[in-house]
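**Student:** One letter stands for each residue in the lines below.
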Amino acid sequence: MAIVTLTTDFGSLYPAAMKGVILTVDPHAHIVDITHSIPHADIRAGAFALYSVVPCFPEGAVHVAVVDPGVGTPRKSIVISSGGQFFVGPDNGLMVPAALRLGDMQVYRITNMELLDKVSATFHGRDVFSRIGAYLSLGMQPEDVGEKTGDYVHLDLGKVELTENSISGEIIYIDDFGNVITNIAGDVVLDRVQFGKTVMVCGADVPFMQTYGLVDKGMLLALIGSHGFFEIAMNQGSAASSLGVKNGDMLNIRFC
Amino acid sequence: MAIVTLTTDFGSLYPAAMKGVILTVDPHAHIVDITHSIPHADIRAGAFALYSVVPCFPEGAVHVAVVDPGVGTPRKSIVISSGGQFFVGPDNGLMVPAALRLGDMQVYRITNMELLDKVSATFHGRDVFSRIGAYLSLGMQPEDVGEKTGDYVHLDLGKVELTENSISGEIIYIDDFGNVITNIAGDVVLDRVQFGKTVMVCGADVPFMQTYGLVDKGMLLALIGSHGFFEIAMNQGSAASSLGVKNGDMLNIRFC
Amino acid sequence: MAIVTLTTDFGSLYPAAMKGVILTVDPHAHIVDITHSIPHADIRAGAFALYSVVPCFPEGAVHVAVVDPGVGTPRKSIVISSGGQFFVGPDNGLMVPAALRLGDMQVYRITNMELLDKVSATFHGRDVFSRIGAYLSLGMQPEDVGEKTGDYVHLDLGKVELTENSISGEIIYIDDFGNVITNIAGDVVLDRVQFGKTVMVCGADVPFMQTYGLVDKGMLLALIGSHGFFEIAMNQGSAASSLGVKNGDMLNIRFC
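Protein chains in written order, with this note's numbering: chain D, 748 to 1003; chain H, 748 to 1003; chain G, 748 to 1003.
Next up, chain D with everything else stripped away, as it sits in the complex:
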């Protein structure tokens, strides 16, 4: 028995087809939904979601990830092995930041069609990735899916630019609280500003604090979120609505 996680932009219904396939192959698989609410086709948001949670999972976990606008086109399918965990999904960069977070990664192209049943043109999440994921859960080795390759699509969480008194990065995820999560690593910020100081973001002066409840209800704050990245939040409110920002927007932090 292994853990098989699912990360998709499918919303409801389609993940259930994936679970049926997984449990048909491995009736003892322990399926965990990471999220099915990735904004449609937003590969970078999916990459962040997976990146943010993989350190919480044990060795042997298999992560099936499907944010796949290219399904049915000639994009490839891959398995990645890293730090004792496995990733299965499209070769579009989605799984790369999470895999690199766990250590050196090995990439295998899925070419062993004998493992698969009928494959539709529109739902490789069900017909390819879930089935391969369940075989990995049963103990199949990643090299059994096909040859190891160095030719795969890379993706990072976006560039961060530093000047003497500012950091510029990108908004990569807005969570269900409306917290605005950037690609700026917490350590980079902590090297330059202390908790309790004020920073300027999106034209507003906001305090840089350890946690949400240290400012009054309805007030903005800046913090290092539980995922390790710089985040703008509002205590008991939505920073994203208040600031009018969205995934993919650039964000500049100035130190006063």
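Don't read these hints as lab results, they were simulated from the structure. One thing to keep in mind: the hints can contain errors.
Copies of the same chain look alike in the list, so a pair counts if it fits in one copy or across any two.
Said to hold, decoys possible - Mimicking DSBU-like on lysine-lysine, the simulated pairs with C-alpha atoms at most 35 Å apart in a straight line are:
{"no.": "1", "residue 1": "LYS895", "residue 2": "LYS964"}
{"no.": "2", "residue 1": "LYS906", "residue 2": "LYS895"}
{"no.": "3", "residue 1": "LYS944", "residue 2": "LYS823"}
{"no.": "4", "residue 1": "LYS993", "residue 2": "LYS964"}
{"no.": "5", "residue 1": "LYS944", "residue 2": "LYS993"}
{"no.": "6", "residue 1": "LYS823", "residue 2": "LYS895"}
{"no.": "7", "residue 1": "LYS964", "residue 2": "LYS906"}
{"no.": "8", "residue 1": "LYS944", "residue 2": "LYS895"}
{"no.": "9", "residue 1": "LYS944", "residue 2": "LYS865"}
{"no.": "10", "residue 1": "LYS993", "residue 2": "LYS895"}
{"no.": "11", "residue 1": "LYS865", "residue 2": "LYS823"}
{"no.": "12", "residue 1": "LYS906", "residue 2": "LYS944"}
{"no.": "13", "residue 1": "LYS993", "residue 2": "LYS865"}
Since chain D is already given, all that's left is putting chains H and G on it; use the hints.
**Tutor:** The following block gives chains H and G in isolation, referenced to the frame of chain D:
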């Protein structure tokens, strides 16, 4: 241990009460959510959801389905056995298309009240169907719930009309991508039009393609979805919003 | 193996980190989502959700509950034992109504830091409560988390006022159907009005019925919901939208 799936229009919270009941009766049941986002009281949408996923599940799976606007009124409760899988829910047609997809079906009316504890007037999903589902998961035979019957509510996925150069059907489901799924079987369309040709739907000329990524981002296309039905979609966008259509609307396909 | 339930206001993604932690500590835990859709920071709505489902769970169930606007501030963390079930979460009253529903409760302050790994300032759901919940699932006794205490935050589901021909209470939860659930216990209403009679709520005369389907589609009704509380609903529609009410509003029932 068996799989027990749940298909409801409950949203959140109420499914958890069902899971508590199931795990109290069968602590080893493997519970899988199909969806809890069926539009409220839309029995046909629920029937489609269940129909679309049952082929992915193995023999022995028990499907508890509750889209039940008649709860507490004299509508009956039934168990259906078909193709080695089981269905438990209200006698309103919800489970019929899925059961027929798996083969010949046997219908049993739930009349053995000794199996049940206190039954509320408003939540048979918790008080009747989950409990019966868990007993089936433990290996109880369907005939133990009550007598086999030929008197049950039938439901199909709606009529499809064919002319020489058009097909008319009904929209039965709009998924979380905004893909517009009809009740028109893929084979009926494939007999009349080839991939790469253009069809006219809702006053628009759209290409009939194998998969989403074969048209440009933001463009409409027609395809046979992973569920096997004719579907109108937009690459990385919502066809339903673009076309202004909703569940239950009629849809006509003209071949040019 | 025990059941570990999760009740949060997190939406998606963050619950998956909790599940990873739980399954790392107890690979056989049976995780059940109660809901992750509690309105943000609405402790009373979270308390109602947990209260409404705990009677459906068996002895030994561990309920991890996190509606926690005070995370990272000096608010305490507690374990409650009641009726053979366990609760883990912040000391803000969230778990008190559910625990009291099961019987006499014992409260333990979480002070044994040796049980924990690194604790962030913003995500005790992952770093504290999930880990402690998994240890309880493995059979750890509640007294192992720290000393028993009588000093904890109490919370009830709000005051109810009775006069000769009216009852006043508070809206504590609006479910995904738009049903308006109050804090008025069903028994209090049943002592004063019979099914089939008309009551006046929010300026409207509505029939007090056993279940939804006993009024016409689109009509309001009053009933005792499956949770045991007085509720205003609309058959196949949203009473909350129709009445323009929200969580926390006062609601008066007049008997004609």
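**Student:** At most 35 Å between alpha carbons: which applies to LYS944 and LYS895, within, between, both or neither?
**Tutor:** neither (49 Å within a copy, 39 Å between copies)
**Student:** Please sort LYS993 with LYS865 into within, between, both or neither, judging by C-alpha distance up to 35 Å.
**Tutor:** between (39 Å within a copy, 31 Å between copies)
**Student:** Have a look at LYS823 and LYS895 and pick one of within, between, both or neither, based on CA distance no larger than 35 Å.
**Tutor:** Within. Shortest intra-copy distance 13 Å satisfies the 35 Å Cα cut-off; inter-copy 50 Å does not.
**Student:** Quick one: LYS865 to LYS823, C-alpha cut-off 35 Å, is that within a copy, between copies, both, or neither?
**Tutor:** within (17 Å within a copy, 39 Å between copies)
**Student:** If the cutoff is 35 Å on CA atoms, where do LYS993 and LYS964 land: within, between, both or neither? Let me know, please.
**Tutor:** Both: 22 Å inside a copy, 20 Å across copies.
**Student:** Cα distance capped at 35 Å. Does LYS906 pair with LYS944 within a copy, between copies, both, or neither?
**Tutor:** within (25 Å within a copy, 43 Å between copies)
**Student:** At most 35 Å between C-alpha atoms: does LYS895 with LYS964 qualify within a copy, between copies, both, or neither?
**Tutor:** between (52 Å within a copy, 32 Å between copies)
**Student:** Give the relationship of LYS906 and LYS895 under a CA distance limit of 35 Å: within one copy only, between copies only, both, or neither.
**Tutor:** Answer is within; shortest intra-copy Cα gap is 29 Å, inter-copy 50 Å.
**Student:** What label fits LYS993 with LYS895 when the C-alpha limit is 35 Å: within, between, both, or neither?
**Tutor:** neither (37 Å within a copy, 46 Å between copies)
**Student:** Using 35 Å as the alpha carbon limit, work out where LYS944 and LYS993 are close: within a copy, between copies, both or neither.
**Tutor:** within (25 Å within a copy, 38 Å between copies)
**Student:** Tell me, please, which holds for LYS944 and LYS823 at an alpha-carbon limit of 35 Å: within, between, both or neither?
**Tutor:** between (48 Å within a copy, 26 Å between copies)
**Student:** Can you tell me if LYS964 and LYS906 fall within 35 Å by alpha carbon in one copy, between copies, both or neither?
**Tutor:** both (33 Å within a copy, 25 Å between copies)
Hint compliance for this structure: hints 8 and 10 are broken, all remaining hints hold.
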